[in-house]
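Top line first, the protein sequences correspond to chains A and B.
Our numbering puts the first residue of the first sequence at 1, with every later residue one more than the last.
Our numbering puts the first residue of the second sequence at 1001, with every later residue one more than the last.
FYI, nobody ran anything at the bench for these hints, they're computed from the structure.
All residues carry an ideal CB built from backbone N, CA and C; glycine is no exception.
Some hints here could point you the wrong way.
Said to hold, decoys possible - Computed Cβ-Cβ distance ranges for the label pairs, DEER-style:
#, chain 1, residue 1, chain 2, residue 2, range
1, A, G550, B, D1007, 35 to 41 angstroms
2, B, P1204, A, D13, 26 to 32 angstroms
3, A, S23, B, L1166, 45 to 51 angstroms
4, A, G547, B, D1225, 50 to 56 angstroms
5, A, P113, B, D1147, 55 to 61 angstroms
6, B, D1147, A, D13, 27 to 33 angstroms
7, A, K163, B, G1272, 38 to 44 angstroms
8, A, G547, B, Q1221, 58 to 64 angstroms
9, A, S525, B, D1007, 35 to 41 angstroms
10, B, V1207, A, S23, 40 to 46 angstroms
11, B, E1087, A, D13, 42 to 48 angstroms
12, B, D1015, A, D13, 34 to 40 angstroms
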Amino acid sequence: MLHTIIKKNSYQDSINLMLLTNSIATMEGLNKVQIMMATPANKDIFKDAGLHTSELEAAESNDMAIVVDTDNADMIDTVLEKVEQYLNDQSISNKKQGFETVRTWDKAVDALPNANVAMISVPGEYAADEADKALDRGLHVFMFSDNVSVEDELRLKQKAHDKGLLVMGPDCGTGILDGVPLAFANVVNKGRIGLVGASGTGIQEVSTIIDRLGEGVSHAIGTGGRDLKDPIGAITMMDGIRALENHSATEIITIISKPPAEHVRNEVMELLQSLTKPVVAVFLGEKPEQYEGNVYQAYTLAETAHIAVDLARGNEVKADYNSGDFSVENASLKEGQKTLKGLYSGGTLASEAAVLISDALGLGTHIKNEEGYVLKHEGQEIVDLGDDKYTQGKPHPMIDPETRSKFIEQAGDDETTAVILLDFVLGYGSHDDMASALLPSINKAVAKAKEGGRTLHVVATVCGTKNDPQSYDNHVKQLKEAGVIVKETNNEAVRTALSIVGLQVEDNQKKHVEGTKSDKKFDLSVSEDIASLVSERPRVINVGLKGFTGALADTGTQFVQYDWRPVAGGNARMAKILSLLK
Amino acid sequence: MNYKSMDEANKAVVDKITGSAPFLVNVVPAKEKIKELNDGKVLLHAGPPIVWNDMTGPMQGSCIGASIYEGWASTEEEAEKQLASGEVKFIPCHHVNAVGPMGGITSANMPVFVVENRTDGNEAYCIMNEGIGKVLRFGANSQEVIDRLKWMQDILGPTIAKALALTEDGLNLNVIIAKAITMGDEFHQRNIASSLIFLKEISPYIVQLDMDDNDRKDVIQFLADTDQFFLNIAMATGKAVMDGARTIQDGTVVTAMCRNGKDFGIRISGMGDEWFTAPVNTPQGLFFTGYSQDDANPDIGDSAITETFGVGGMAMIAAPGVTRFVGAGGFDDALATSNEMTEICVSQNSNFTIPTWDFQGACLGIDARKVVETGIEPVINTGIAHKKAGMGQVGAGTVRAPKECFEKALEAYAVKLGLI
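Looking at chain A on its own, in the form it has when it is part of the complex:
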């Protein structure tokens, strides 16, 4: 039966009333409902819907007409109530994003005309093109993307160098510019130590230790892992070093890399020797015997951070920061339990572990990598689970615990395993709570070993700061409560693991010798663009992964999100036509 409610002189626009009708129509117990202004044209629509009544006919254009077809007359009050409620609450609450999202380079530059950094995380096959476009627009490039060819990398870096710009990457996982974490990076106090690093977790380990020691980082410039190899020749590393040399707030320069190609190493060393500022250098896998002039070479990442902090504070630099007492009380082992299983999510941390363990085993400090294993020797295993081998079609182990969980349980089942060595890398980009994610597997492995009469030791290091989105202190506490031995640095964690199986590293006592200044005159000047990159807050166009904007928003950084898609949706023929129609 039809019921008519006329709200005299109650005007609402038609869209509103259509939305209202839709919302009322969802109520149970109604056969049909129509709410419209009672204009002559609308009365016809009521008629067509079989909802015409004499009250409706009598209503006028400025009256709102509600006609309900229902078998239950009690519903009318409910309908009226809902109508009132709807009309009183029409504002649409929409969570504001607070930043602009664009779909083309032109709009990106329009939206942020003073942008100076393009952060590129598009698939590798497109990354070089996008980096080119960024450089053409006078932007420095932070290139998270990997799978970029060496030829492209060289071309882009030469082009950038000629234009006075910096290409950080490709495959650059970490950066900090003026306190702003880029990609996978920690919230590190701002300070007077500047980093240039060819390794992501290397920068994370050094910068977080500096933070926890109470000092801070001015910038951490990532170069990408191949920068110090042939044929790139450290183009970005050397421009980055010059940038920090010219940056007045940077007092100490720290560089982090795996061992460079010999001639590249020489060239970089010569440049470092010519600087006015003290330098700490770590070439992971090189075991230095002395400090030369203003260049203090460290053996481990932790030592690198300690030297930098002492230099910043004007303290005397010690001959060695690595050795110490790493014994574990009551570390009982069953006969045959003698191997270490290092299951790492951070590539450089894995390498560091491999170097130290090889060193302790008397195998030298050279790093290999076979199928992700940076050490595999008589059951002693260190695996980089972030290696391409384990990340095909799967998220990185810093984000996803699955692969590591499996490896933990396997290692626990291995009767020779004495210690499982783990890293927990905090900061932007990483898993919200990796400790909680891995503890079930850890507990399971430990319990299973116990059933077999073995004590399985788990030693971990947490790479992070108290200001990271995942709290450092909570992470440490959670792991300790679960019986995990947690150490301050990866160096200490590895040495603790070694001591459990009765091994240790002999460290060099480094003496300080005069530096060898070369005759070569180095041009230490930098372009205006590079000078302003290090003297100002970055202003970022984020090309690709939206997740990277979290850190930018949290730090109040100006940025625009470029929701990148392949040109013409990846249609190669149309892309070609577009390239011709210029």
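Fit chain B to the supplied structure of chain A, relying on the hints for placement.
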């Protein structure tokens, strides 16, 4: 090509758009301006070329109505027989300087607006808005519809023509559009402000006319009741301006977008009169009670000339009153829509600044290259017709121009330029 680069050519095309000077100068029977309509039984229709059998319900219903209106047939059956037999010739409105809403069916004696673009001296035509409800453009063809059309022919059209004749040089449409866009119109879904401005401008002349007082009252009442009256003027304006702009025969600026219920057609500046078509989408939106998405006719009408001109869906942000047609969203969604549309346009039109958009100009010149590059298809605000003839409007919403049209246009242009 006469330009150094595609960007330069496109700039020349959009300069024509911003430099245009459209004036509403007259209302005349269509046959006076469109000579093709004097040549036997001829009907104009919306969209790219189409034959009777391919027309959807509303367009067929309109054809039947027009046949009866013109006196070619006295019954629906008779009309349908003529139309199906090929006795009636069909021409796209766009081929004769005209545009038509929904079915776009225009016959010899229907009064049309005459809009003159004074910078290029060209004219464009569009039939007058019949109001809402049972109307010919949605395929209705009852006696009520025919009677209204007759009244428009005999009273409304001549009255406005005479009133316009009293003005010094017609009505300056850039001025009306610039004012109305600050009053919440986007000239496709919402024309209430511009219709009011039109009424305000024309009333002083209508009251001066020597005419029957009842007729005068009817005309004023009709104009006062018809919120979308200005839509058809806006369409003729868009057509006049874009036809002026496409005298430049280079570049990749979209110069027309239209739909016939089967195909969506576009033209680009570099390819002149050629249509590039793809199957139309079906609009999504809000429906009157008793109707649903299943009843919706596929996209139809020449009214997308407003979007081509840079208003309509492209200027969604100008019309907060209709923003909720963009999905179920509010102001921010409208903002996002218009911001997205700037990604595919050459520039922004400073003649039409939009207060709710921080006074940015309306979108200017859809670049087919940018559509293909980004995959962002132009958004069109539209009424939704029932797919059966004569049922009329069943809702309103938005629809996207299919990307394939733009791909085909670019491909053809690249061939024409000898690039592939």
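*Confirm or reject the claim that P1204 (chain B) and D13 (chain A) have a C-beta distance inside 26 to 32 angstroms.*
Since the Cβ atoms of P1204 (chain B) and D13 (chain A) sit about 29 angstroms apart, the hinted range of 26 to 32 angstroms holds.
*Take the C-beta atom of P113 (chain A) and the C-beta atom of D1147 (chain B), compute their distance, and say whether it sits inside 55 to 61 angstroms.*
Since P113 (chain A) and D1147 (chain B) have Cβ atoms about 59 angstroms apart, the given range 55 to 61 angstroms holds.
*Do E1087 (chain B) and D13 (chain A) keep their Cβ atoms within the hinted range of 42 to 48 angstroms?*
holds (44 angstroms)
_Satisfaction of the hinted span 35 to 41 angstroms by the C-beta atoms belonging to G550 (chain A) and D1007 (chain B)_ = holds (36 angstroms)
_Consistency of beta-carbon spacing, D1225 (chain B) to G547 (chain A), with hint 50 to 56 angstroms_ = holds (54 angstroms)
*asked:* Given the hint of 45 to 51 angstroms, is the C-beta distance from S23 (chain A) to L1166 (chain B) inside that range or not?
replied: This hint holds: roughly 49 angstroms between Cβ atoms.
*Range hint 40 to 46 angstroms: satisfied by the CB atoms of V1207 (chain B) and S23 (chain A)?*
holds (45 angstroms)
*If you check the beta carbons of S525 (chain A) and D1007 (chain B), does the distance land in 35 to 41 angstroms?*
holds (36 angstroms)
_D1015 (chain B) paired with D13 (chain A), Cβ distance criterion 34 to 40 angstroms_ = At 37 angstroms between Cβs, range holds.
_Is 38 to 44 angstroms respected by the C-beta to C-beta distance linking K163 (chain A) and G1272 (chain B)?_
For G1272 (chain B) against K163 (chain A), whose Cβ atoms are near 42 angstroms apart, the range 38 to 44 angstroms holds.
*Can the suggested window of 27 to 33 angstroms be confirmed for the beta-carbon pair D1147 (chain B) and D13 (chain A)?*
With a Cβ separation near 29 angstroms, D1147 (chain B) and D13 (chain A) satisfy 27 to 33 angstroms, so the hint holds.
_Beta-carbon spacing of G547 (chain A) to Q1221 (chain B) - inside the hinted bounds 58 to 64 angstroms or not_ = Taking Cβ atoms as reference, G547 (chain A) and Q1221 (chain B) lie about 59 angstroms apart, which means the hint holds.
Hint compliance for this structure: every hint is met.
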